[in-house]
Amino acid sequence: MIQLGAVFFGLGLLGRVAWRMGISPIPLYLVGGLAFGVGGLVPLHGIQEFTHIASEIGVVLLLLLLGLEYSASELTTGLKRSWMAGVLDLVLNAAPGAIAALLLGWGPVAALAMAGVTYISSSGIVAKVLGDLGRLGNRETPVVLSVLVFEDLAMAVYLPVLTAVLSGVSFLGGLTSVGISLLAITAVLVVALKYGRFISAIVDSPDHEVFLLKLLGSALLVAGLASQLQVSAAVGAFLLGIAISGSTAENATRLLEPLRDLFAAMFFVVFGLNTDPRSIPPVLGIAVALAAVTTLTKVVTGWWAARRQGIGKMGRMRAGVALVARGEFSIVIAGLAVASGQVDDQLAALATAYVLLMAILGPIAAKYVEPIGEFFQRRRQTA
Amino acid sequence: MIGVNVEITPLPGIGTRQDFMIRAGRRIGVITYRDGRFELILSKASDPDSCAASIPLSPEEANTLAGLLGAPQLVAHLREEHRDITGITTRQLPVTAFANRTLGETALRTRTGASIVAVVRSGNAHPSPGPDFLFDNGDLAVVVGTAEGLDAAAEILHGG
Numbered sequence: 001m002i003q004l005g006a007v008f009f010g011l012g013l014l015g016r017v018a019w020r021m022g023i024s025p026i027p028l029y030l031v032g033g034l035a036f037g038v039g040g041l042v043p044l045h046g047i048q049e050f051t052h053i054a055s056e057i058g059v060v061l062l063l064l065l066l067g068l069e070y071s072a073s074e075l076t077t078g079l080k081r082s083w084m085a086g087v088l089d090l091v092l093n094a095a096p097g098a099i100a101a102l103l104l105g106w107g108p109v110a111a112l113a114m115a116g117v118t119y120i121s122s123s124g125i126v127a128k129v130l131g132d133l134g135r136l137g138n139r140e141t142p143v144v145l146s147v148l149v150f151e152d153l154a155m156a157v158y159l160p161v162l163t164a165v166l167s168g169v170s171f172l173g174g175l176t177s178v179g180i181s182l183l184a185i186t187a188v189l190v191v192a193l194k195y196g197r198f199i200s201a202i203v204d205s206p207d208h209e210v211f212l213l214k215l216l217g218s219a220l221l222v223a224g225l226a227s228q229l230q231v232s233a234a235v236g237a238f239l240l241g242i243a244i245s246g247s248t249a250e251n252a253t254r255l256l257e258p259l260r261d262l263f264a265a266m267f268f269v270v271f272g273l274n275t276d277p278r279s280i281p282p283v284l285g286i287a288v289a290l291a292a293v294t295t296l297t298k299v300v301t302g303w304w305a306a307r308r309q310g311i312g313k314m315g316r317m318r319a320g321v322a323l324v325a326r327g328e329f330s331i332v333i334a335g336l337a338v339a340s341g342q343v344d345d346q347l348a349a350l351a352t353a354y355v356l357l358m359a360i361l362g363p364i365a366a367k368y369v370e371p372i373g374e375f376f377q378r379r380r381q382t383a
Numbered sequence: 384m385i386g387v388n389v390e391i392t393p394l395p396g397i398g399t400r401q402d403f404m405i406r407a408g409r410r411i412g413v414i415t416y417r418d419g420r421f422e423l424i425l426s427k428a429s430d431p432d433s434c435a436a437s438i439p440l441s442p443e444e445a446n447t448l449a450g451l452l453g454a455p456q457l458v459a460h461l462r463e464e465h466r467d468i469t470g471i472t473t474r475q476l477p478v479t480a481f482a483n484r485t486l487g488e489t490a491l492r493t494r495t496g497a498s499i500v501a502v503v504r505s506g507n508a509h510p511s512p513g514p515d516f517l518f519d520n521g522d523l524a525v526v527v528g529t530a531e532g533l534d535a536a537a538e539i540l541h542g543g
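Here the protein sequences line up with chains A and B, keeping their order. Start counting the first sequence at 1; every next residue gets the next number (this note's numbering). Start counting the second sequence at 384; every next residue gets the next number (this note's numbering).
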């Protein structure tokens, strides 16, 4: 109990420090986990069982809220409007991770996982940064958000494929489980669009306590069932999130956010705990190179997408840089990969180092892109 | 209401942005968050894509601001409409004597010939209030009538 209390209190302090410095607390949670884990400064014992379950719940809640973030109609209109930018985003940003894994000789399974790690921007960090910097009213912001919406949808297809591949089932078995999950996604989208009210009505309740219990219960039930069907628990929670809509979704988000933050923090710490800090220095060079390349590819994505909407150069730069941050979902993907035991252990170290860099770099770059851009513009004018 | 084209842009996961270009070449508008908060936005003069200010407003504050901008407009609009009819004017009169009493109780039309066409309360206009409309402290009545009728109406509403 004392250890657990100390862990939570420590996380609270870290979170405070992070927001003071204007960065996401995720990298600090990871560092905290690294410090106390295998081969760390002070190994912790005896709380593994709790932290393990807490981190599993953390993943379920992270994905449930990702699903809740956008309504089904936002997803479909987003898909129609931004699929070209979305595809460019997918190709440019998944490729570096996949190529790095192949060059390291980790094999195709790890390449698929690393593609996901470098592809997905952190919608949590991006939305927070845009809000903090007062950029929600900017013209390029809908472009940024629609790219995030597309990534959200891509995750719905990617995660089941990844879990099927990771579970190491035969080609045919893999195909069926991918088929099942694709059918499930289509069904969920159709149901959410046409009958979202009914699903919402099942879980909705005017009483906070009842609502919270029903939500959590249904999320864990769906997640559990999904993992029984060889589709990962995370995917189940994500689909449930999409299916819940309207005011129910807003209330659910408000109610679940603090819980998600609590359990997700545990998830990051556990991921850090299970990663040996001594394994990071050998992959640090690769992580830095990947960070440099994928920063550039995200900027190109945002620049291109914003230009299509007739937005000026500064706005294009802002859109590109806003997308740079990677965070929670990269770690979720790496966590799934490592837990399956199908990939090289170094993948965890690489993903940790990469997310550490990107989660810190993203918000800082977003903050300073404007003054730097203005400086260059002024220089060009005077020259 | 001519020449103002309000652009409505959904912000997935956040809310909606509604804005328009003003003659000075800047965008001005409002972001409505899903949870009901508002933000007043004004674009930079140098870069119309980005915002010079985004000011968070509580629902009450937004209401008040809307009233400040909207109420004089309403009166000006009505005055414009009645300009052709000589002898008829529109005035905005504070209602202080009828808090928690109905519009019917003022018997304004029988006593003065003037009629209340709208009531502005905390920034919201309630058009064509019926006789059972309940007044509150701080209400503003938009009254149409002759000059003498309006003077009499002002007296009644103010404390008659």
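Take these hints with a grain of salt, some might be off.
[As the list claims (entries may be wrong)] DSS-like mimics (lysine-lysine), calculated; alpha carbons at most 25 angstroms apart, straight line:
1. K313/A / K367/A
2. K313/A / K427/B
3. K427/B / K80/A
4. K214/A / K427/B
5. K367/A / K80/A
Just so you know, these hints were derived from the structure itself, not from any lab. Fair warning: this is a prediction, and the values are worked out from it, not measured in the lab.
Q.
Holds or violated: K427/B and K80/A, Cα atoms, limit 25 angstroms.
A. 30 angstroms, violated
Q | Pair hint K313/A and K367/A, alpha-carbon separation not exceeding 25 angstroms | A | Holds, at about 17 angstroms.
**Q.** 25 angstroms limit on alpha-carbon distance, applied to hinted pair K214/A and K427/B
**A.** Given that 25 angstroms is the threshold and the Cα spacing comes to 47 angstroms, the pair is violated.
Q. Would the pair K313/A and K427/B pass a check requiring their Cα atoms to be no farther apart than 25 angstroms?
A. Distance ~15 angstroms between K313/A and K427/B Cα, so the pair holds.
Q: Quickly compare the C-alpha distance for K367/A and K80/A to 25 angstroms and report which way the hint goes.
A: Roughly 30 angstroms between the alpha carbons, so the hint for K367/A and K80/A is violated.
The structure does not agree with the numbered hints 3, 4, 5 stated previously, though it agrees with the rest.
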